[in-house]
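Asks: Chains as they are written, first to last, in our numbering: chain A, 41 to 291; chain B, 40 to 417; chain C, 397 to 738.
Just so you know, the hints here were simulated from the structure itself, not pulled from any lab data. Note that CB positions come from ideal geometry on N, CA and C, so glycine has one too. Check before you lean on any hint, since a few could be wrong.
Listed next, the stretches of chain C that the computed footprint assigns to chain B, with coverage defined by at least 3 CB atoms under 8 Å from CB atoms of chain B [unchecked claim]:
id	stretch
1	524 to 535
2	665 to 677
Straight-line distance between alpha carbons at most 25 Å, and here's what the computed DSS-like set of lysine-lysine pairs gives [to be verified]:
id	chain 1	residue 1	chain 2	residue 2
3	B	251	A	157
4	A	181	B	401
5	B	251	A	146
6	B	401	A	276
7	A	181	B	251
8	A	111	B	251
9	A	194	C	523
10	B	251	A	114
11	B	251	A	194
12	C	703	B	251
13	A	45	A	57
Cβ-Cβ distance ranges computed for the label pairs, FRET-style [unchecked claim]:
id	chain 1	residue 1	chain 2	residue 2	range
14	C	627	A	42	52 to 58 Å
15	B	64	A	92	43 to 49 Å
16	B	384	C	455	50 to 56 Å
17	B	213	A	188	51 to 57 Å
18	C	613	A	111	22 to 28 Å
19	B	327	A	206	29 to 35 Å
20	A	153	C	681	53 to 59 Å
21	A	188	C	627	45 to 51 Å
22	B	50	C	705	27 to 33 Å
23	A	283	C	606	42 to 48 Å
24	C	617	B	230	36 to 42 Å
25	C	613	A	206	47 to 53 Å
26	B	233	C	663	25 to 31 Å
27	C	523	B	65	52 to 58 Å
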Amino acid sequence: MEILKVSGVNKAFGGLKALNNVNLAVEEGTVHAIIGPNGAGKSTLLNCFVGRLIPDTGTVMFGDTSLIGLKAHKINQAGVSRVFQTPEIFSDLTLLENVMIPTMAKRDGEFALHAFKRLDRDAEIHDKAMHMLEDVGLAEKKDIVAASLSRGDKRRLELAMCLVQDPKLLLLDEPTAGMSRADTNNTIDLLKRIGDRGITKVVIEHDMHVVFSLADKVSVLAQGTVICEGKPQEIKGDPRVQEAYLGGAHL
Amino acid sequence: MTTKTSPMRDMIFFFVFAVAVLTMPVWLAPIGAGYPDLLQKFAIYGLFATGFNLLFGLTGYLSFGHAAFLGVGSYSAVWAFKLLGMNPLPAAIMAVITSGLFALAIGYISLRRSGIYFSILTLAFAQMSYNLAYSVLTPITNGETGLRVLRSDPRLFDSSSAVDGPLIANLFGIEMTGYAGFYFCAVVLLIAFFIAQRIFRSPFGIMLRAVKTNQNRMNYTGLNPRPYTLAAFVISGMYAGLAGALLCITDPLAGAERMQWTASGEVVLMTILGGAGTLLGPIFGAALIKYFENIFSAFNEQTLHEIFGFLPDFLEGPVVSVTGLFVGEGWHLTLGVLFMLIVIFLPGGLMEGFSRIGRLFKRSSGKSGPGSATAPAE
Amino acid sequence: MDVILLQLLNGLDKGGAYALIALGLTLIFGTLGVVNFAHGALFMLGAFCAVTFNKLLSLEVVTTDPTKTTAWGSPLEIRTPYVEAYLGDFGSWMLNYSVPMSILLAVPVMLLIGFVMERGLIKHFYKRPHADQILVTFGLAIVLQEIIKAIYGANPIPQSAPELVRGAADIGSIFGFDPGVIVYPYWRMVYLGFAGVVIAAVFAFLRFTTFGMVVRAGMADRDTVGLLGINIERRFTVVFAIAAVVAGLAGVMYTPILPPDYHMGMDFLVLSFVVVVVGGMGSLPGAVAAGFLLGILQSFASMNEVKAILPGIDQIIIYLVAVVILLVRPRGLFGRKGVMEN
């Protein structure tokens with residue numbers, strides 16, 4: 041079943057056509073990678089999924105809901121979480137608090153005036169958040185302020201904040217950008233592990249190594265259009281992809 | 040400490056705070072602050088700053104127009120006296136309701152923008168209220184003279200004896216002046232402090248801190264920051280309104296100058312001085328400013344000569360004239376300098392200063408831990 | 397028609413003052429990225445340069461005239477200002493022109509103040525949050541105004557315009573209205589012309605000098621200019637000093653219109669901020685246009701005809717306009733997107 045269906049999406053900034061009739065279908069339970077050279081429109085496309093940008097024309101369907109024109113928090117409440125290229129976390133708060141917030145958002149909705157309840161008495165939220173921190177291996181750092189984490193740990197924290205909401209669809213914007221090889225491999229392991237939960241993932245990635253070790257299906261975006269789609273192995277050999285992506289050099 | 044909160048610790052903290060507030064007349068007497076008028080001010084402005092801190096300290100939204108709510112609270116309280124009688128309870132309730140509604144309207148509009156634009160919007164609204172209170176709203180505010188209770192006012196629920204009695208707020212026969220007035224304010228402060236403490240520890244409180252750190256992430260976490268900030272704004276406005284009512288309960292006169300933007304600046308100052316985002320800081324800052332205002336503005340050349348009398352004459356003259364700039368009429372100069380020093384060197388306010396000193400002691404006794412990386416103390 | 401023209405003229409001089417202060421504020425915003433709440437205090441300091449200059453010139457010598465006696469029989473004391481005693485007619489001329497002449501004092505003084513402020517304080521706040529900048533400059537504004545209060549007292553000190561331009565012109569008669577309908581003081585015309593010259597000078601400086609080019613580039617994209625290897629920090633000091641001089645000059649020339657007192661800066665600051673916001677943060681033409689616009693609007697709102705329909709509108713018009721503009725056009729009239737949002 042298709043969980044995300046993008047059809048005929050166009051987006052122009054002034055004279056620049058960033059997305060040109062993009063069609064894309066993401067199967068439920070799969071890892072779908074979107075690759076492409078710089079400026080191909082990958083981030084623009086992702087921004088159209090989460091309410092940051094509104095496409096000029098076209099539709100973005102998440103199950104039966106149209107995501108176009110929906111506010112970012114509504115889209116999240118519908119079950120879409122996003123990991124950013126530079127981790128977006130609550131840097132002044134502790135790790136535990138960072139994970140408790142999305143847990144509460146999932147349970148209590150976009151706004152709840154629980155001004156008189158004690159958070160430290162809410163065992164359900166606390167335990168769920170702690171479990172998640174353990175899963176990503178940050179449990180012993182739970183009382184540390186997030187700003188003091190390393191870049192790799194911040195990434196993991198952000199991932200934990202998304203995963204704790206049990207999203208139906210997880211969007212990852214270059215999850216290994218700027219990471220060392222070791223950190224990258226750790227992240228791949230982590231992403232594979234959470235793959236077991238059956239969360240559908242859309243990954244934007246530069247790093248071929250990551251794409252080929254994770255993805256079930258790959259879409260190649262160039263100059264705002266999907267030029268090619270298929271299994272990683274098929275993509276690897278496709279001359280069109282090599283042309284667009286590497287200017288003819290071999291992968 | 041934020042992470043190691045427990046209901047028990049908070050109870051003890053609140054209990055100690057309550058005892059400290061209620062015994063202020065005793066332990067503040069040696070430094071010359073043990074008289075009711077000043078103590079009332081400590082409690083009232085402590086309340087005002089606590090409310091302001093719920094907005095600024097938690098969400099980071101810097102309102103430059105909070106004095107408007109103080110003024111609205113004052114006017115509502117006096118009107119409650121005029122219409123209903125001199126009982127302080129309806130006055131306080133009415134002030135909280137009107138200032139809450141007022142804050143809802145202003146907040147709804149102002150919170151559409153953030154950063155400096157929000158500050159300017161709140162400032163603009165406060166200045167409008169101030170200007171209107173002085174001019175066309177004179178029938179409600181009595182303009183420059185200020186609004187006060189008159190003998191001819193209806194005061195529906197006042198008993199016949201109270202009707203002929205002095206025009207002072209009285210709670211079932213106890214007149215709200217002197218120490219009785221202080222204890223009334225102190226109890227209100229304690230209730231308000233308790234609520235603030237609960238908000239700090241609540242899911243709502245943590246959402247407000249999330250607003251301050253990263254609204255973008257909040258949106259992508261499925262949370263709508265707008266109602267959270269609006270709720271904080273309204274609660275904060277209600278605190279200000281209640282403080283305004285208390286000002287009138289201890290002295291039933293409301294003037295427009297209470298709404299001027301310098302008054303808004305003062306509450307910002309109190310909060311920053313004590314430490315924004317901490318529970319105790321704003322109250323501490325408010326008390327400190329009111330105390331020094333009282334002490335410093337009472338100084339004159341004569342008292343300075345007495346203080347520096349031990350100096351040789353050629354030194355005494357210049358010393359007195361230089362310090363003379365900072366006291367009496369020049370008290371605001373001291374305030375300005377103090378304010379700058381705090382913002383420059385101690386952005387976390389005095390509470391941060393205390394915790395730095397505390398850490399210094401811990402370190403010197405060899406018990407330093409990874410404490411520096413944990414959340415700031417409260 | 398005549399009433400409208402009169403109000404238009406009345407709004408212009410106030411608008412000129414707003415425009416000058418807002419121009420400096422915007423320059424500082426745009427280049428330094430600093431929210432300067434002490435800018436009104438600079439305006440006030442400029443005004444007190446004029447007061448000081450006048451006081452210096454009016455220091456008196458006391459001579460006695462033995463040939464004349466007072467009613468009580470003691471020799472008549474004649475007090476003459478030093479400048480008149482030593483320089484004769486030129487001295488009296490100087491006294492007469494003390495307000496425009498104090499520009500000579502104000503320029504170096506304001507340059508110095510601007511330099512010291514930027515190097516001593518503002519410099520350390522480039523990387524701090526806007527809230528901190530607002531707070532520290534707010535504190536500075538209090539300090540400056542209290543110092544002035546300690547020196548000059550709390551009462552306004554009237555300054556007079558040179559005799560030549562002390563009266564008022566019957567502008568209306570030029571345009572064929574009845575005499576006496578549209579009367580406009582000469583000094584306000586002078587102020588308007590002066591504001592125009594200063595604004596033109598600032599724009600010319602930014603437009604035609606290399607320095608100005610770098611500053612404009614810095615306003616457009618600060619990071620890139622920094623990457624080009626241009627030392628932008630050193631220029632910040634100059635920009636701040638220029639903004640201080642502009643505000644100071646606006647204050648000097650405003651003294652005959654409004655007797656300066658220590659809190660005039662704060663009064664103008666709040667309004668100038670509104671002007672900057674309405675014009676659009678970081679837009680220089682926006683600041684100037686909004687300055688005049690709001691000055692004129694304010695003057696229209698204080699007409700009796702308008703007040704009869706909307707009582708109290710004169711008290712709130714500026715703030716009301718600011719609120720409306722901020723809500724319907726968040727970046728102001730001329731502003732770019734995303735300036736000072738966070």
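Asks: Against this structure, judge whether each hint is valid.
Replies: Consistency of the hints with the structure:
1. Interface restraint, the stretch 524 to 535 of chain C with chain B: holds (9 residues with C-beta to C-beta distance below 8 Å; minimum three).
2. Taking a C-beta to C-beta cut-off of 8 Å, the stretch 665 to 677 of chain C contributes 5 residues in contact with chain B, enough for the three needed, and the coverage statement holds.
3. Taken as a hint, the residue 251 of chain B and residue 157 of chain A pair is honoured in the structure, with Cα atoms around 21 Å apart against an allowance of 25 Å.
4. The hinted pair formed by residue 181 of chain A and residue 401 of chain B meets the criterion: a straight-line CA distance of about 22 Å does not exceed 25 Å.
5. For a cut-off of 25 Å, the pair hint linking residue 251 of chain B to residue 146 of chain A stands: about 20 Å separates their Cα positions.
6. Restraint check for residue 401 of chain B and residue 276 of chain A: the C-alpha separation of about 60 Å exceeds 25 Å, so the hint is violated.
7. Of the supplied pair hints, the one linking residue 181 of chain A and residue 251 of chain B holds, its CA atoms being roughly 22 Å apart against a limit of 25 Å.
8. A hinted pair counts as satisfied when its Cα atoms are at most 25 Å apart, and residue 111 of chain A with residue 251 of chain B qualifies at roughly 20 Å.
9. Note on residue 194 of chain A and residue 523 of chain C: the hinted pairing holds, with a Cα-Cα distance of about 23 Å set against a maximum of 25 Å.
10. A threshold of 25 Å between alpha carbons decides the hint, and for residue 251 of chain B with residue 114 of chain A the separation of about 21 Å falls inside it, so the pair holds.
11. Between the alpha carbons of residue 251 of chain B and residue 194 of chain A the distance comes to roughly 18 Å, so the proposed pair stays at or under 25 Å and holds.
12. Annotation: proposed proximity of residue 703 of chain C to residue 251 of chain B is violated, straight-line Cα distance about 42 Å (limit 25 Å).
13. A distance of roughly 21 Å separates the Cα atoms of residue 45 of chain A and residue 57 of chain A; the hinted pair therefore holds under the 25 Å criterion.
14. Between residue 627 of chain C and residue 42 of chain A the Cβ separation comes to about 56 Å, which falls inside the hinted range of 52 to 58 Å.
15. Restraint check, residue 64 of chain B to residue 92 of chain A: a C-beta distance of roughly 58 Å breaks the suggested window 43 to 49 Å.
16. Distance hint for residue 384 of chain B and residue 455 of chain C: a CB-CB separation of about 41 Å, inconsistent with the stated range 50 to 56 Å.
17. Between residue 213 of chain B and residue 188 of chain A the Cβ separation comes to about 53 Å, which falls inside the hinted range of 51 to 57 Å.
18. Between residue 613 of chain C and residue 111 of chain A the beta carbon distance is about 37 Å. The supplied range of 22 to 28 Å is therefore violated.
19. Separated by about 49 Å at the C-beta atoms, residue 327 of chain B and residue 206 of chain A break the suggested range of 29 to 35 Å.
20. About 45 Å separates the C-beta atoms of residue 153 of chain A and residue 681 of chain C, a value inconsistent with the hinted range of 53 to 59 Å.
21. The supplied range of 45 to 51 Å is broken by residue 188 of chain A and residue 627 of chain C, whose beta-carbon atoms lie about 33 Å from each other.
22. Between residue 50 of chain B and residue 705 of chain C the beta carbons are some 59 Å apart, a value that contradicts the proposed interval 27 to 33 Å.
23. The hinted range of 42 to 48 Å is satisfied by residue 283 of chain A and residue 606 of chain C, whose Cβ atoms lie roughly 46 Å apart.
24. The hint said 36 to 42 Å for the Cβ distance between residue 617 of chain C and residue 230 of chain B, and at roughly 53 Å that hint is violated.
25. Between residue 613 of chain C and residue 206 of chain A the CB atoms are about 49 Å apart, so this pair conforms to the stated range of 47 to 53 Å.
26. For the pair residue 233 of chain B and residue 663 of chain C, the supplied restraint of 25 to 31 Å is violated, since their beta-carbon distance comes to about 41 Å.
27. Hint check: residue 523 of chain C to residue 65 of chain B, Cβ distance near 46 Å, so the stated range 52 to 58 Å is violated.
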